[in-house]
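The chain contents come next:
There are 4 protein chains.
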Amino acid sequence: MAGNSFGKVFRITTWGESHGPVVGVVIDGCPPRIPLNETIIQAMLDRRRPGQSAASTSRKEPDHAVILSGVFEGLTTGTPISIMVTNKDAHSDAYKTYQNLYRPGHGDITYQAKYGIRDWRGGGRASARETVGRVAAGAVAKALLERHNIKITAYTIELGGIVATRRDLDIIDQNPFYCPDPEAAKKMEDRVQGVKKAGDSIGGIVEIVAQGVPAGLGEPVFDKLDAELAKALMSIGAVKGVEIGAGFAAAKMLGSQNNDAITPNGFETNNSGGILAGISNGDDITIRVAIKPIPSIRTTQETIDIDGKPTTISVKGRHDIAAIPRVNVVCEAMVNLVIVNYVMGR
Amino acid sequence: MAGNSFGKVFRITTWGESHGPVVGVVIDGCPPRIPLNETIIQAMLDRRRPGQSAASTSRKEPDHAVILSGVFEGLTTGTPISIMVTNKDAHSDAYKTYQNLYRPGHGDITYQAKYGIRDWRGGGRASARETVGRVAAGAVAKALLERHNIKITAYTIELGGIVATRRDLDIIDQNPFYCPDPEAAKKMEDRVQGVKKAGDSIGGIVEIVAQGVPAGLGEPVFDKLDAELAKALMSIGAVKGVEIGAGFAAAKMLGSQNNDAITPNGFETNNSGGILAGISNGDDITIRVAIKPIPSIRTTQETIDIDGKPTTISVKGRHDIAAIPRVNVVCEAMVNLVIVNYVMGR
Amino acid sequence: MAGNSFGKVFRITTWGESHGPVVGVVIDGCPPRIPLNETIIQAMLDRRRPGQSAASTSRKEPDHAVILSGVFEGLTTGTPISIMVTNKDAHSDAYKTYQNLYRPGHGDITYQAKYGIRDWRGGGRASARETVGRVAAGAVAKALLERHNIKITAYTIELGGIVATRRDLDIIDQNPFYCPDPEAAKKMEDRVQGVKKAGDSIGGIVEIVAQGVPAGLGEPVFDKLDAELAKALMSIGAVKGVEIGAGFAAAKMLGSQNNDAITPNGFETNNSGGILAGISNGDDITIRVAIKPIPSIRTTQETIDIDGKPTTISVKGRHDIAAIPRVNVVCEAMVNLVIVNYVMGR
Amino acid sequence: MAGNSFGKVFRITTWGESHGPVVGVVIDGCPPRIPLNETIIQAMLDRRRPGQSAASTSRKEPDHAVILSGVFEGLTTGTPISIMVTNKDAHSDAYKTYQNLYRPGHGDITYQAKYGIRDWRGGGRASARETVGRVAAGAVAKALLERHNIKITAYTIELGGIVATRRDLDIIDQNPFYCPDPEAAKKMEDRVQGVKKAGDSIGGIVEIVAQGVPAGLGEPVFDKLDAELAKALMSIGAVKGVEIGAGFAAAKMLGSQNNDAITPNGFETNNSGGILAGISNGDDITIRVAIKPIPSIRTTQETIDIDGKPTTISVKGRHDIAAIPRVNVVCEAMVNLVIVNYVMGR
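Chains A, B, C and D supply the protein sequences, listed in that same order.
Numbering that gives the first Met the number 0 applies: residue 0 is where the first sequence begins, and numbers increase by one.
Numbering that gives the first Met the number 0 applies: residue 0 is where the second sequence begins, and numbers increase by one.
Numbering that gives the first Met the number 0 applies: residue 0 is where the third sequence begins, and numbers increase by one.
Numbering that gives the first Met the number 0 applies: residue 0 is where the fourth sequence begins, and numbers increase by one.
These are calculated hints, taken from the structure and not from any lab test.
Since we're looking at a predicted model, the values are computed, not measured.
A portion of the hints provided could be inaccurate.
Since the list can't tell identical chains apart, any single copy or any two copies may satisfy a pair.
Calculated cross-link-like contacts (lysine-lysine; reagent style DSS-like; alpha-carbon spacing at most 25 angstroms) [what the hints assert, rightly or not]:
no.	residue 1	residue 2
1	Lys195	Lys308
2	Lys195	Lys95
3	Lys251	Lys308
4	Lys195	Lys315
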């Protein structure tokens, strides 16, 4: 079954493996006459690899986006937009050691179970590198939503147990974690350094807020706005949980606490996270996603080889300590993609 | 945009309003020559309304399923299966009081924003009554999965702050909350009684486990098994959060803690919740969903009317104190529907 | 695989067997606040069974449409519209004779090959009775398109070799064949009488014209307007060919003859049938479809039984001599459904 | 709305403009472990441009296919296969003359109506060059179907009024028209030369036969095998008509003539074209499509410019006299794509 496309109206299809020659995306359904060039896409791709932090892999991915179709004289034409990014600096040899092993926490064992074959170089299709195409398409969606004054921002509110207590969205680009709390950001950097030394990795929580979304977006009953957001975000490799508004905290509330009182000036609280019965209510849409720690760790772990024999593994090479800096941008891209579909499908 | 269908291979479409004459579902893509009759469907519908608890509405919904097509001489024929349940005991007059008000926490205000019209009787399409069709279809999916020895069970692990500490799945049908911990179940009953007196409502957490799912189900990269589960569950009205395996707890773990070691006999732990890179790994699939408290409460709340003027509301009538008993069965239905699609799409 | 739905935006799902209790359709994606009642649907259902002609079956199908959801106080609400028509006057016993035989030209043998089971009563799902749901949904689509001044008309231009030479669309309801040429209509009636006596059946050609379609409808490259029309019309049981504009005649033309010259007042000719590169050009959309003769005939034919043994069959009972009167209305319904999807998807 | 994808199971998305840098296709849903390399694709691409005939454009399109993803060590991996073909020898300047004119019979005027912008260089997305992606994907589908002993062949049975009377499929590659009648092929060559001198163009009829298709493929009621074939073929730019089996000739037959008698050894005739009630019956599937003459002609024609002012146009440059040689291969590709979807979706 085909599973590499997302969206019905503004539909994207990503392709490419981590250590193949190129990764890319085709956007089908972008409206015509929208100014678009590679700089717009590059800006979001650059945010995907902050690189300034110990948290990130040292793989050098210059990631230069090239637009191959769908744009004429600086404007979209309504035809499919094909975007490609060449893979560079891929060290496939480093993966040869693991080609007959299943790395714990990775898709090696499940890809083998499903397909009976897998491109073991750099994780192949299951690599985070696949998200390059999502981010490139998300940049186009973002450009469209800006025309509707809709703005989506993702930021880290927890990393390795360190919790951000401030929400200063203006400063998130000033630290490598997209953290809205500068004090927490410093502690996160220390935490990363310590974990790196220990040969381990850490997870965290990303919060996403969508501002300016008009009331009335979402399709009952299965294609609810929150349902699509949950799917879009859970489709990101590292994500293990998604909550909207009060989320799991709502489970402990009374109805009288959880209901958002309605006033002529809007809602008094936002436990709903901006969505009621699957339709936006005009308030900010707030989402949190749980990110698991990077499974590639130097620490020795038990595993089996492809013949089922027990062995151990220590994953060396240039892997991230935390996926969170990159996942922020991918979350942002996915939420842009969800919302642009509803905006265009109205 | 059409949004009332779920699934690509075993595709269901639900229809009907809470106080319309009937609610129903059409199943398109059910394989032929499967024994099916109304008793199989009725069993799951009956679980949807335990009724033995103070938590449940006193609306009497006999909910007799009728199969109108797709079955011939006791076997499915491969053609669409249409199932209907007549609405009975609907007291629409009770809702007249609120027809020009927006009930906080409900979809009244968002349906009005989206459609400019809404059937205010009993919540119309946004009512939990819509889930009758899902449960009927889920019963058919369940019958199919039983032939593959796949079994999905949902149960309440938290209600109004009371947490189940045991997981005795054999006893969940012995209390009105589908709670696997009999001690906790008793406390839950007390909690419900207290909240009912106070004119309020409570939420909780449902856990779902899918046993017997073979390794290799799921479609990278957007139609991952966990992504589809998240969408399916978040599409249930009361659900505000979904987590797989360790879920939000994974955000605080080290990689060395979160990775499930692989042995020749399977995984040593199940933090992944049975899913790696969006594909089942053969272990139990474990999911938890956060259920918000029922928004209909007797407690007086601030709101506005459809002209935007401030007022207050106290929702009387026969509403539940907790959605959780019913949501258990709907969750079970949705997970059955997700998995049957992957099993059939292999 | 699910195959009983049509359309992406205004999506219909039909269900029901010829001799089941009911046939029906669910419309998902109808816009809100459109006046709708059973009379609007009934009008098109009544045209589906003119009944005044020897060409039609003597099965009495009163076909009273009932709306079960999606309409509130006379207006659509944007939620699924479920419409049902009870099957009456079905004589299943008449089909018992053929339950172990494959009727030539029918789907008996292919349904058996595909599903390994079939509802042999009245053709089951493969019966023309399935089109009741299409016509009911088509009536709703038609009501929507009237608001855009788009009008679709189907009529018979050939029946049993008799060719209509006039195109007086105002009179098509004055004869049982929806023929725009009253002289030809008379001959068609005679032809039908003769064929009936001979225990045989006849086919013909239906022409459909869509007037008022604005330029710019259609989606390159696979979902072209003509491609969707071809699919929609070829999905009608009796249809064996579809052509747009000049159609097969274009194969014999020179480019200089076939190209429609463009003037400030529009196109000088309409060989394109109103569609260029899959997109409407503002001219009338013209389509012709080839209808095969009804396969149920009294004439004795060779066939085999379900065990593969050779035998003969003579299909008795109340079958049509020509499908064409009914197919006209089904064609009209399908073209309405195609175009309403593009209009709404703009 | 996204319209550049085809297929549900084996899903392709094409992209690229005639005079952009590249054209390409992404195949999502190809099964794993199938031997695939560029030579397999190249073979079908080479058939797309026979070039040996006066009928074809003199544009030199070397059309070298490059596989960018989805293949590892010579085998497909189950992940998306991205294939690209660089555009060479495009003379965009030649089109500057027409950038403000609407070429009759082309999509210029409808693309402008729909999108308000168009890439006028070489027809942009509406160019036949888009079919390169279809043919590349069709080559992969063909490789898959060969493993099921299913073989699809397209050939020219009429060109410029010259009708092939023989059906020797073994010789179709021996003439530039893929004509199964060598005598007719010679006359076609003469016809083309004459039309070329006159500055005009011609159309024709392509017949396609699918051999080895098992009984039981097709999805009632909207996704019938013949309905999907009709859509797939009508989505090719030059196609104006599609007929299955007896097609339009069936409209003139009696039921007793048109019904294919069934014997223990199969059907005595094949008026059904191998499809009954939308499902394959095991016999050869036979289809004919009407191809209009190439709209680009040197002959002077009336048209308007983009401001609506009347003018004339004579399209010079390297255009084909007949689309038919190329359309044969595109038809073959599309039928392969339709059938591979049903085979895989079983």
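25 angstroms Cα cut-off: does Lys251 pair with Lys308 within a copy, between copies, both or neither?
-> Neither: 46 angstroms inside a chain and 31 angstroms across chains, both beyond 25 angstroms.
Under a CA distance limit of 25 angstroms, which applies to Lys195 and Lys95: within one copy, between copies, both, or neither?
-> So Lys195 and Lys95 pass the 25 angstroms test inside one copy only (23 angstroms; across, 60 angstroms).
Classify it for me, Lys195 with Lys308: is the Cα-Cα distance of at most 25 angstroms met within a copy, between copies, both or neither?
-> For Lys195 and Lys308, the Cα distance exceeds 25 angstroms both inside one copy (29 angstroms) and across copies (58 angstroms).
Same-copy or cross-copy closeness of Lys195 to Lys315 [CA-CA at most 25 angstroms] = within (12 angstroms within a copy, 58 angstroms between copies)
Consistency note: the structure conflicts with the earlier hints numbered 1 and 3.
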